[in-house]
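Number of protein chains: 2
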Amino acid sequence: MDYNEDTATDAVLASFEETTDPRLRAFLRLLVPHLHDLVFEFRPTLAEWEYAIEFLTRIGQKCDDTRQEFVLLSDVLGVSMLTETINGQQEGTESTVLGPFHMVASPQRKNGESIDLLGGARPCVIDATVLSTDGKPLVDAEVDVWQCTEDGFYDVQQPGIQPPGNGRGLFRTGEGGRFWFRTVVPSHYPIPQDGPVGELLKATGRHPYRPAHVHFIAKAEGHRALTTHLFVAGSPYIDSDAVFAVRKSLLTDFTESRDEDLARQYGVTVPFVLATPRIVIEPEEGDGSG
Amino acid sequence: MDYNEDTATDAVLASFEETTDPRLRAFLRLLVPHLHDLVFEFRPTLAEWEYAIEFLTRIGQKCDDTRQEFVLLSDVLGVSMLTETINGQQEGTESTVLGPFHMVASPQRKNGESIDLLGGARPCVIDATVLSTDGKPLVDAEVDVWQCTEDGFYDVQQPGIQPPGNGRGLFRTGEGGRFWFRTVVPSHYPIPQDGPVGELLKATGRHPYRPAHVHFIAKAEGHRALTTHLFVAGSPYIDSDAVFAVRKSLLTDFTESRDEDLARQYGVTVPFVLATPRIVIEPEEGDGSG
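Protein chains in written order, with full-length UniProt numbering: chain A, 1 to 290; chain B, 1 to 290.
Simulated from the structure, these hints should not be mistaken for laboratory data. Check each hint, because a few of them may be wrong.
Per the computed footprint, the stretches of chain B lying under chain A, defined by three or more beta-carbons under 8 Å from a beta-carbon of chain A, are [claimed, not checked]:
id	stretch
1	107 to 120
2	214 to 222
Distance ranges between label pairs, derived from CB positions [said to hold, decoys possible]:
id	chain 1	residue 1	chain 2	residue 2	range
3	B	LYS202	A	GLY205	51 to 61 Å
4	A	VAL139	B	PHE40	32 to 42 Å
5	B	LYS202	A	LEU13	57 to 67 Å
6	B	PHE55	A	GLY267	22 to 32 Å
7	B	ARG122	A	GLU54	53 to 63 Å
8	A	VAL104	B	PHE55	48 to 58 Å
9	B	LYS202	A	ALA47	52 to 62 Å
10	B	GLY112	A	GLU54	47 to 57 Å
11	B	ASP194	A	GLU54	17 to 27 Å
12	A	LEU13	B	GLN265	42 to 52 Å
13	B	ALA203	A	ARG178	24 to 34 Å
14	A	GLU48	B	GLU91	22 to 32 Å
15	A	VAL104	B	LEU117	28 to 38 Å
16	B	ASP239	A	ALA105	45 to 55 Å
Since the structure is predicted, the reported quantities are computational estimates derived from the model, not experimental observations. Glycine included, each C-beta is placed from N, C-alpha and C at the ideal position.
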């Protein structure tokens, strides 16, 4: 009955012993000692505890249909990326974080369509291939794409300025596992700073910027889904992504081209920017892949 | 640049190195390794991570002016009580959790007044004394009191049924450090179960009950404020409080009396219930007390 520094952790662990779900039980057995150790080591004052309660409450209350402040908190603490790393592919393209802007369904688009509904200044073509780890092209794979504008904003951040679906597209690969679309080169951008996570960054002297990138989720029959970004090689902040999502293997050349024949094939004018990434995904376990 | 299982924790710690506030910096230095170790040890799937995000979000969104679901989460994980324990008095009455129902200001009341505005079935008198650790009675101490009804509900849980301020009072001690009031014996009660914390209790097979208690915050000049409860000795759930707040030293006899003279002095009818607790608070540091 007497709850004190010596009995506290065991008392709380004992209270969760009847948990039937094995994963929830395993989680609580790990969570409780970490949480209590954090309290023992930090020894918060009551005012600090109250501040933490209020901070977490404001994070939940900042969330809505187009804003996920808890994902942002997980991102800036490196937890999202760690979870991605643990669940990443063994072979093939490396994964990275989903991020907080995959909140709306991407409109279905045909290969060659533009996802830039605003007519940006600098045309860009992404001409990509989806392959299995054995090198076989994956036809009829689904690829969900989303990115920000040349000004660094996603459509959901600028309702009334950007039409819904700007910068987003749901594509299917054709022959040779190819999918391609027209767009603009995304800008580096700050993560939202008008909430509690922005306060945390300010209080800790951290900048809020993410290097320029395009998000992808690739899915194909018999394969594991892959969530990743392609980073624009040479972008500012590539060495200090606010959400720790950069991997060297995901740096992608976005190269300026003045090839008029190529421009004509892609339906753009010169100069344009071209990226030709390969996205390699693993067969699901039990498919003979090991 | 390459964020992986080996570099992750150091990368996040390094990002917080510019933090100027020493307590925030100390906290982040402890938080980040615990959080990352929890991820390494549990190895959440992405679906489990998403569930955690959604669970925390719903907790924040359940909070309003009269409901604090994050305090409730902290309570059922034993964190609130651990924080109280760390900050407790060295001598004098032990502290315990504030709880989630101290959200509205208690109305000022005079000694002898009733805080039971509903006219409960079983009158109760709490005739209490506030003392300093050296035994000296503390006159003009402020004591904030709040409790639930005989049915186990606080006023803020039953708007329209209970008048605001029912079960609450802000008293001042008089001669001899005494304060006293009329009330009812509070019931044991379940913590709110209609939110995410209720789901957690159900999923883990834990009951939601707290043993019967009256909350107190005592403040006196030159003394540390004390937040505590008096528990009704013999109440159901005294051995398994859902928020781990029971301490043996806080068990208080609520004794039935048929003493007609005493009843007359207190302005109640027989039989009534009487509790005569002593609340002992510590001088502030630097007052020569230690």
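Status of each hint after checking the structure:
{"no.": "1", "hint": "107 to 120", "result": "violated (count 0)"}
{"no.": "2", "hint": "214 to 222", "result": "violated (count 0)"}
{"no.": "3", "hint": "B/LYS202 x A/GLY205: 51 to 61 Å", "result": "violated, 43 Å"}
{"no.": "4", "hint": "A/VAL139 x B/PHE40: 32 to 42 Å", "result": "holds, 38 Å"}
{"no.": "5", "hint": "B/LYS202 x A/LEU13: 57 to 67 Å", "result": "violated, 19 Å"}
{"no.": "6", "hint": "B/PHE55 x A/GLY267: 22 to 32 Å", "result": "violated, 47 Å"}
{"no.": "7", "hint": "B/ARG122 x A/GLU54: 53 to 63 Å", "result": "violated, 38 Å"}
{"no.": "8", "hint": "A/VAL104 x B/PHE55: 48 to 58 Å", "result": "violated, 22 Å"}
{"no.": "9", "hint": "B/LYS202 x A/ALA47: 52 to 62 Å", "result": "violated, 33 Å"}
{"no.": "10", "hint": "B/GLY112 x A/GLU54: 47 to 57 Å", "result": "violated, 37 Å"}
{"no.": "11", "hint": "B/ASP194 x A/GLU54: 17 to 27 Å", "result": "holds, 22 Å"}
{"no.": "12", "hint": "A/LEU13 x B/GLN265: 42 to 52 Å", "result": "holds, 49 Å"}
{"no.": "13", "hint": "B/ALA203 x A/ARG178: 24 to 34 Å", "result": "violated, 46 Å"}
{"no.": "14", "hint": "A/GLU48 x B/GLU91: 22 to 32 Å", "result": "holds, 24 Å"}
{"no.": "15", "hint": "A/VAL104 x B/LEU117: 28 to 38 Å", "result": "violated, 51 Å"}
{"no.": "16", "hint": "B/ASP239 x A/ALA105: 45 to 55 Å", "result": "holds, 52 Å"}
This entry does not satisfy hints 1, 2, 3, 5, 6, 7, 8, 9, 10, 13 and 15, going by the numbered hints stated previously.
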